[in-house]
Amino acid sequence: MKKSRYSDLRRDMILLTMVVSITPLIILGVTIYQQFARVLEDKTQSQLNQLVRTQRDAVEVFLRERAFILSTIVDTHRLEQVNAEEKLWEFFQSINRRSDGLVGIVDLGIIDSNGNHLAYAGPYNLQGLNYAQQHWFKQTMSKGRHISDVFMGFRQVPHFIIAVRGQTGNQSWILRATIDSDIFNSLVRSAQTGKRGDAFIVNKEGIYQTDPRTEGVILGKASLDLTRLAQGDTVFFKEEVAGKTRYHAGAWLKNNEWLLVVSKEEQETFSGLEAGRNYEILILVLGGLAILVVTVFTTEKLIRRLEEADMQASQLNAQLVQNDKLAALGKMAAGIAHEINNPLAVIGEKAGWMRDLLQEETFQHSEHLDQYVKSIDKIEEHVERARKITHNMLGFARRMEPRLDDVDVNAVVNQTVDLLANHARINNISIEKHFQDDIPVIASDQSRLQQVLLNLINNAVDAIGKDGQVTLRTRNTGAFVEIDIQDNGPGIPKEIQHRIFDPFFTTKPAGSGTGLGLSISFNIIQQLNGQIDLASEPDKGTTFTIRLPLVRPDKK
Amino acid sequence: MESFRILVVDDELDFTETIVNRLKKRHLLAEGVGSGEAALEALREAVFDVVLLDIKMPGGMDGIDVLREIKRLQPEAEVILLTGHASIETSIEGMKLGAFDYLLKPIRFDELLDKLSAAFKKKASLGRPSLP
Amino acid sequence: MQPTLLVVDDEPDMLQLLRRSLAPDLHCHVETAISGAKALEVLAATHVDLILADIRMPDMDGLELLELIKRQDPDQTVVMMTAYGSIEAAVAAMKQGACDFITKPFDHETLVVRLEKALERSLLLKENRRLQQECRQMDSFQDLVGGSDSMKQVFETIRTVAQTDLTVLITGESGTGKDLTARAVHSLSPRAKGPFVAVNCPTVPEHILESELFGYHKGAFTHAVHNKTGLFQEAQGGSIFLDEIGDVSPAIQTKLLRVLQEKEIKPLGSTRTITVDVRIIASTNQNLAEKIKRGEFREDFYYRLNVLPIRLPALREHPDDIPLIADHLLAKHCRKLNKSLRRLAPEVLAHFQSRPWAGNVREMENLICQGILFAQNDPIGLADLGLDPQTATTGQAVLDGLPQEYRAAKQQALRRFNEVFLGDLLKAHRGNVTQAAKACGLERQALQQVLRRYGIGADAFRNEQG
Numbered sequence: 250m251k252k253s254r255y256s257d258l259r260r261d262m263i264l265l266t267m268v269v270s271i272t273p274l275i276i277l278g279v280t281i282y283q284q285f286a287r288v289l290e291d292k293t294q295s296q297l298n299q300l301v302r303t304q305r306d307a308v309e310v311f312l313r314e315r316a317f318i319l320s321t322i323v324d325t326h327r328l329e330q331v332n333a334e335e336k337l338w339e340f341f342q343s344i345n346r347r348s349d350g351l352v353g354i355v356d357l358g359i360i361d362s363n364g365n366h367l368a369y370a371g372p373y374n375l376q377g378l379n380y381a382q383q384h385w386f387k388q389t390m391s392k393g394r395h396i397s398d399v400f401m402g403f404r405q406v407p408h409f410i411i412a413v414r415g416q417t418g419n420q421s422w423i424l425r426a427t428i429d430s431d432i433f434n435s436l437v438r439s440a441q442t443g444k445r446g447d448a449f450i451v452n453k454e455g456i457y458q459t460d461p462r463t464e465g466v467i468l469g470k471a472s473l474d475l476t477r478l479a480q481g482d483t484v485f486f487k488e489e490v491a492g493k494t495r496y497h498a499g500a501w502l503k504n505n506e507w508l509l510v511v512s513k514e515e516q517e518t519f520s521g522l523e524a525g526r527n528y529e530i531l532i533l534v535l536g537g538l539a540i541l542v543v544t545v546f547t548t549e550k551l552i553r554r555l556e557e558a559d560m561q562a563s564q565l566n567a568q569l570v571q572n573d574k575l576a577a578l579g580k581m582a583a584g585i586a587h588e589i590n591n592p593l594a595v596i597g598e599k600a601g602w603m604r605d606l607l608q609e610e611t612f613q614h615s616e617h618l619d620q621y622v623k624s625i626d627k628i629e630e631h632v633e634r635a636r637k638i639t640h641n642m643l644g645f646a647r648r649m650e651p652r653l654d655d656v657d658v659n660a661v662v663n664q665t666v667d668l669l670a671n672h673a674r675i676n677n678i679s680i681e682k683h684f685q686d687d688i689p690v691i692a693s694d695q696s697r698l699q700q701v702l703l704n705l706i707n708n709a710v711d712a713i714g715k716d717g718q719v720t721l722r723t724r725n726t727g728a729f730v731e732i733d734i735q736d737n738g739p740g741i742p743k744e745i746q747h748r749i750f751d752p753f754f755t756t757k758p759a760g761s762g763t764g765l766g767l768s769i770s771f772n773i774i775q776q777l778n779g780q781i782d783l784a785s786e787p788d789k790g791t792t793f794t795i796r797l798p799l800v801r802p803d804k805k
Numbered sequence: 602m603e604s605f606r607i608l609v610v611d612d613e614l615d616f617t618e619t620i621v622n623r624l625k626k627r628h629l630l631a632e633g634v635g636s637g638e639a640a641l642e643a644l645r646e647a648v649f650d651v652v653l654l655d656i657k658m659p660g661g662m663d664g665i666d667v668l669r670e671i672k673r674l675q676p677e678a679e680v681i682l683l684t685g686h687a688s689i690e691t692s693i694e695g696m697k698l699g700a701f702d703y704l705l706k707p708i709r710f711d712e713l714l715d716k717l718s719a720a721f722k723k724k725a726s727l728g729r730p731s732l733p
Numbered sequence: 131m132q133p134t135l136l137v138v139d140d141e142p143d144m145l146q147l148l149r150r151s152l153a154p155d156l157h158c159h160v161e162t163a164i165s166g167a168k169a170l171e172v173l174a175a176t177h178v179d180l181i182l183a184d185i186r187m188p189d190m191d192g193l194e195l196l197e198l199i200k201r202q203d204p205d206q207t208v209v210m211m212t213a214y215g216s217i218e219a220a221v222a223a224m225k226q227g228a229c230d231f232i233t234k235p236f237d238h239e240t241l242v243v244r245l246e247k248a249l250e251r252s253l254l255l256k257e258n259r260r261l262q263q264e265c266r267q268m269d270s271f272q273d274l275v276g277g278s279d280s281m282k283q284v285f286e287t288i289r290t291v292a293q294t295d296l297t298v299l300i301t302g303e304s305g306t307g308k309d310l311t312a313r314a315v316h317s318l319s320p321r322a323k324g325p326f327v328a329v330n331c332p333t334v335p336e337h338i339l340e341s342e343l344f345g346y347h348k349g350a351f352t353h354a355v356h357n358k359t360g361l362f363q364e365a366q367g368g369s370i371f372l373d374e375i376g377d378v379s380p381a382i383q384t385k386l387l388r389v390l391q392e393k394e395i396k397p398l399g400s401t402r403t404i405t406v407d408v409r410i411i412a413s414t415n416q417n418l419a420e421k422i423k424r425g426e427f428r429e430d431f432y433y434r435l436n437v438l439p440i441r442l443p444a445l446r447e448h449p450d451d452i453p454l455i456a457d458h459l460l461a462k463h464c465r466k467l468n469k470s471l472r473r474l475a476p477e478v479l480a481h482f483q484s485r486p487w488a489g490n491v492r493e494m495e496n497l498i499c500q501g502i503l504f505a506q507n508d509p510i511g512l513a514d515l516g517l518d519p520q521t522a523t524t525g526q527a528v529l530d531g532l533p534q535e536y537r538a539a540k541q542q543a544l545r546r547f548n549e550v551f552l553g554d555l556l557k558a559h560r561g562n563v564t565q566a567a568k569a570c571g572l573e574r575q576a577l578q579q580v581l582r583r584y585g586i587g588a589d590a591f592r593n594e595q596g
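Protein chains in written order, with our numbering: chain A, 250 to 805; chain B, 602 to 733; chain C, 131 to 596.
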């Protein structure tokens with residue numbers, strides 16, 4: 250029954266410890282992870298915003314610079330000065346020369362107020378074209394300056410133009426430059442980050458003005474949700490594309506006609522976070538395992554300690570109960586002995602008195618004088634005997650000093666056997682002796698030892714009843730002298746073995762035996778600093794072993 | 602020894618009587634009483650040389666208390682304690698209070714005689730209190 | 131100073147354990163001995179206040195040791211202990227003189243409590259012995275009681291005189307405490323630790339006195355079968371008290387003179403002299419001056435004796451001390467006679483004041499003893515002292531009902547005084563005028579004259595039972 254109590258306890262302890270230690274860990278892990286993710290997102294957002302703004306500013310500067318170059322030419326020259334082809338080519342080359350080709354102007358053209366292409370410097374063949382219907386023409390003539398969206402135009406190559414209007418006299422004329430889309434593209438794309446990051450420009454209608462990296466193509470329609478492109482300086486949004494999350498940051502430029510978008514894939518951004526999370530999970534798992542192992546181990550230990558303590562406690566308890574019993578019985582025995590001693594004293598004295606009286610003359614000649622005297626002798630003898638018994642029993646309640654004789658163990662055993670030899674023979678019980686020869690003389694109490702041996706051998710004989718064998722062995726184990734008293738009687742059942750030395754405990758029928766013999770023997774051997782052990786198997790027999798310390802007698 | 606007086610105190614009257622008789626038979630002056638109180642009465646009336654006192658007497662005064670009183674009344678009286686059972690503690694206490702010796706019941710009468718003569722010897726060597 | 135405890139046990143572990151646990155709890159110093167023999171060695175070297183010994187030991191067991199210890203010093207406090215307690219062992223140990231008996235196993239508390247008690251007893255005994263010793267020294271003054279100036283002076287004289295080594299001569303009537311004074315001088319002197327030999331000169335027959343004082347060699351005279359040391363030799367290093375020196379014969383006086391002069395004695399039958407280092411105190415109730423005049427006492431001897439005189443006043447000379455002395459004697463003898471303290475009835479005290487005290491303090495002592503013994507109750511009355519109330523109170527009666535006129539009153543008072551005084555005196559001495567005269571310090575002729583003048587016949591007292 251105790252076993253199950255402990256296994257329940259074990260299980261509960263382990264469970265509880267695990268739950269209590271793992272749960273906070275998990276909560277902590279999750280919380281940290283989430284926090285981290287949020288921070289990362291915020292960081293990413295601000296990073297992207299920053300980037301897109303910076304890039305937008307760069308693009309604005311680029312465009313403005315180019316417009317400025319054209320404005321400068323237009324404002325400082327008259328039409329006649331620039332109208333000639335050679336003159337235009339001169340400008341064109343000098344611009345390109347100075348800028349190492351980075352200025353990105355592909356060609357220059359002069360267009361009059363009617364839209365006629367007057368002069369051209371560039372790789373394309375655009376002589377004689379009229380642009381009066383072109384949107385850009387109209388815009389430039391009305392606004393004075395215009396940067397167009399990207400379009401295919403006559404040359405069938407995506408490009409965009411910057412045109413400025415000049416005034417010579419009453420004549421308005423336009424100086425137009427085409428911007429190299431490659432250079433423009435690379436400028437824009439320089440904002441790309443990572444492997445999957447993108448940067449491009451879309452116009453108000455969502456048409457790509459540059460070549461995006463990830464998907465779409467220049468002049469194609471962007472798959473961006475235009476509703477999200479709120480007016481405002483910068484925008485930030487997330488979108489799910491093919492199961493992946495993309496972060497976009499956009500910044501309006503060119504009078505909010507163009508939106509520069511920089512984007513990053515979540516995975517890339519968050520790859521660090523992923524790794525972190527995995528690492529965390531690994532730690533959690535390892536930690537959890539460690540906790541589990543330690544918990545189990547500790548619990549085991551604890552439970553075992555508990556079990557031990559339990560056992561000890563019950564042993565102690567048993568001992569205490571035993572002691573209490575003995576003490577109570579001791580007291581009772583003392584009380585009884587005392588009660589008996591008084592009448593014994595009276596008997597003894599009366600007998601003595603009778604003896605005294607018999608000494609008088611008048612009795613000296615009586616017929617049965619010697620009978621009287623003998624009877625009185627007997628009375629006194631038995632009073633003496635009873636006295637020894639009660640005083641012995643009182644030794645139960647108080648310790649009496651064992652004498653220290655020189656005891657030859659083998660001899661004492663022999664003597665005792667002789668006393669019982671007849672009784673044994675009558676009942677057809679043989680007595681075997683196996684003595685070790687060299688048992689030294691030890692300091693002990695001869696009469697007490699004999700009393701114990703008498704008790705044990707008697708018990709052995711009584712246990713057998715009729716037909717059997719009692720074996721007596723002695724041996725020297727170095728520190729002790731051991732005496733075995735073995736019988737092949739019915740043995741002592743296991744259940745009562747621990748009670749065998751209890752006072753008044755007897756297996757004999759009521760009336761025969763006081764039940765005190767073994768307890769007194771036990772006591773005596775204890776006083777002699779020795780031990781009595783019992784080994785018994787049902788139907789095989791019983792062996793009592795007396796162990797006495799091997800102490801040499803002192804030289805007096 | 603013949604002139605010395607012995608008081609036997611034991612509530613077991615058969616015992617007391619018999620001891621007194623046996624002592625008288627040996628020409629010793631002996632008297633017996635059956636309780637501690639009676640013993641103290643006797644000691645107030647007359648001088649005794651030896652008192653045989655049973656320690657455990659039920660009811661009335663405790664034997665040790667009687668011993669104490671005896672020593673107070675007649676410090677020169679030698680007290681021999683008797684008992685049917687004894688604890689070492691009681692015997693030590695008795696000796697500390699000035700008891701002369703100890704006998705366990707049932708007693709061996711010769712032992713008693715031996716102890717009586719030892720008590721007498723002691724008294725003789727000390728000398729009896731002199732009257733001015 | 132911490133008391134010393136000696137623990138004796140053959141088990142070294144037990145010794146260690148006891149030493150460690152007892153020293154702090156009993157606040158004592160602990161010595162240990164592993165055997166009885168070792169214990170005796172320790173005892174020979176140091177003073178031990180308490181001994182705790184195990185009974186069961188090889189070679190010498192506890193009881194043997196106890197016996198040996200008690201033989202050396204019966205007052206030594208010993209507690210026995212043993213693992214095997216039996217009544218026989220306990221009783222035997224207690225009879226042998228053990229103070230207590232402890233059985234093992236004992237719990238520490240019990241052991242400490244019992245040892246504390248034993249230690250207390252031991253220390254008390256020690257204190258008692260010390261006080262008794264002190265008392266003994268004090269006693270010599272205590273018995274000389276007196277608060278009056280004359281007595282105070284006597285005490286001063288004794289103290290002064292005691293410090294020197296010079297011969298002292300104590301004079302005073304019989305019963306004034308000459309013996310006590312001599313003892314006092316001895317105990318207060320540097321010779322106090324030495325012997326004090328008292329010789330009552332008049333009680334020793336003259337021819338024996340010489341051999342007693344100076345000793346003799348074998349064969350010096352018949353019956354001198356062996357050498358005998360004299361009293362002077364016995365008093366070596368101490369004092370010798372020659373009581374009633376006034377009565378010794380001139381021959382002895384001569385010999386004693388020699389001793390006083392040379393500090394040497396010559397035992398009878400010996401040719402050699404022996405130097406004696408003895409301080410001589412002598413006493414007499416005689417008037418030595420008179421004796422010298424009559425040629426009965428050697429003058430040079432007298433001067434040798436009378437180096438430091440101490441005169442003890444007669445009891446009637448310091449009547450203020452009478453109540454004091456009476457109280458002291460009462461206490462002393464009530465104690466000695468094992469009776470509870472009594473008082474004296476006022477009539478008795480009054481009588482004491484006027485009584486002539488021919489026998490001085492000794493007379494009072496005897497009276498008081500009588501009173502203590504025969505008095506049935508407290509206080510002690512005149513009848514208990516065997517005094518007739520009538521005559522006893524005449525002390526007061528002497529001054530009762532006197533005539534007014536001075537001379538007549540004086541005459542009457544004198545007459546009455548003499549009747550009472552001399553009456554008692556003669557009664558005490560059964561009419562022996564010579565003795566009576568001696569006792570009251572009058573010359574025999576003088577007394578006879580007074581008796582005649584007041585018509586008091588000595589014969590009347592000779593036949594009285596008194």
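There may be inaccurate statements among the hints.
[Claimed, not checked] So the derived list for chain B, only partly shown, Cβ under 10 Å to chain C, looks like this:
{"#": "1", "residue": "Glu632"}
{"#": "2", "residue": "Gly635"}
{"#": "3", "residue": "Lys672"}
{"#": "4", "residue": "Leu682"}
{"#": "5", "residue": "Thr684"}
{"#": "6", "residue": "Thr691"}
{"#": "7", "residue": "Ser692"}
{"#": "8", "residue": "Ile693"}
{"#": "9", "residue": "Met696"}
{"#": "10", "residue": "Asp702"}
Calculated directly from the structure, the hints in this document are not laboratory data. Glycine included, each C-beta is placed from N, C-alpha and C at the ideal position.
Hint check:
no.: 1; hint: Glu632; verdict: violated (24 Å)
no.: 2; hint: Gly635; verdict: violated (25 Å)
no.: 3; hint: Lys672; verdict: violated (14 Å)
no.: 4; hint: Leu682; verdict: holds (9 Å)
no.: 5; hint: Thr684; verdict: holds (9 Å)
no.: 6; hint: Thr691; verdict: holds (9 Å)
no.: 7; hint: Ser692; verdict: holds (5 Å)
no.: 8; hint: Ile693; verdict: holds (5 Å)
no.: 9; hint: Met696; verdict: holds (3 Å)
no.: 10; hint: Asp702; verdict: holds (6 Å)
The structure is inconsistent with the numbered hints 1, 2 and 3, although it conforms to all the rest.
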